[in-house]
Amino acid sequence: MDDSELRFPARRVVITGLGVVAPNGIGKESFWRACVAGQSGIRRITRFDASNLPVRIAGEVEGFEPQALGLTSTEVDHFDRCTQFAVAAAHLAWEDAGLGPSSLSEEERERTGVHVGSAMAYVEEGEKLWVKLSRTGLQGIDDDSITASSLVSHASAISVATHHRVHGPCTVIATGCSAGADAIGEAFWLIQDGQADRMLAGGLILPLARLAWTSSALWVR
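Throughout, my numbering is defined as the position within the sequence shown, counted from one, plus 946.
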C-alpha cells in the first residue's frame, strides 16, 4: 500500500453565492449585465479634485447605499468605505447562497471562516488621518479620528466575520494584484483540507484618495 492509498479522498468544493460591489454594477446581475454589454465603470473622478493631475479618471462605485445592502447604522458610522464594500459584497454573497441571519447553528458558525484579499485598501481613511496629524499634530486627534479601519489591514475580514457572526479561519491576504484570487484559493484549500466547511472569500481594493492617486499618476509620466 503506497501513500496515495492512505489519503482521504479530496472534499468537493463549490461556489454557492456571489456578491459584487463594483464601479460598473452592484450585485451579480447588474455587474454581469454591464460586463456583457461592454459597459465600463471608468469615469471622471468626483471623490476629490483631480483637475490638476495627469490622470483624472478612475473606477468609482456610484449609488452605493450600505444600509440597503445589509449594514447597520452602527457599522456605517464606524466602518470606512473600503470595509463597507467588503461587508456589503459578503452580505450579497451570503444571501445569494440562500443563507439568512439564523441559517447556521453555533457549531456551523465555528466551521465558517473569512478570507479577504486586500492589496491596497484603507488608503482614503489613512490619508485623512495623516492630513489631520500634519495640520494639527496629536492635539487635533481624538478617539473618533482613529478607527480600526484606518490602521489595520485586516479590518475588512474581521468586520465581515463579525457581521455574520462566524468564528472560523479569518485572515487578510496581501499579495498585490492577485490578492483576491489568492484569498479564494486559500479558502478552497481550507475547505478541501477539512479545516472549514464554508468560507466567505474575495478581494477588495480602494486606492482612490488624492495622495495615493497623485503618486500613481507619476507612473504615466
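None of these hints come from the bench; they were simulated from the model.
Honestly, I wouldn't trust all of these hints.
What follows is a list of derived Cβ distance ranges for each label pair [unchecked claim]:
1) D1139 / S1080: 42 to 48 Å
2) T1020 / G963: 23 to 29 Å
3) P1000 / D1143: 18 to 24 Å
4) K1078 / R1002: 22 to 28 Å
5) S1019 / G987: 23 to 29 Å
6) G1044 / K1078: 21 to 27 Å
7) V1001 / G1083: 30 to 36 Å
8) K1074 / R1002: 18 to 24 Å
9) Q1085 / S1161: 25 to 31 Å
Just so you know, even glycine gets a beta-carbon here, dropped at the ideal spot from N, CA and C.
Right, here's what the structure says about each hint:
1. D1139 / S1080: 42 to 48 Å: The hint (42 to 48 Å, Cβ to Cβ) holds, given that D1139 and S1080 are roughly 47 Å apart.
2. T1020 / G963: 23 to 29 Å: Cβ of T1020 to Cβ of G963: about 25 Å, so the range 23 to 29 Å holds.
3. P1000 / D1143: 18 to 24 Å: violated, 49 Å
4. K1078 / R1002: 22 to 28 Å: holds, 26 Å
5. S1019 / G987: 23 to 29 Å: The hint (23 to 29 Å, Cβ to Cβ) holds, given that S1019 and G987 are roughly 28 Å apart.
6. G1044 / K1078: 21 to 27 Å: The hinted range 21 to 27 Å is violated for G1044 and K1078, with Cβ atoms some 44 Å apart.
7. V1001 / G1083: 30 to 36 Å: holds, 32 Å
8. K1074 / R1002: 18 to 24 Å: Once the Cβ atoms are compared, 21 Å apart, the range 18 to 24 Å for R1002 and K1074 holds.
9. Q1085 / S1161: 25 to 31 Å: holds, 28 Å
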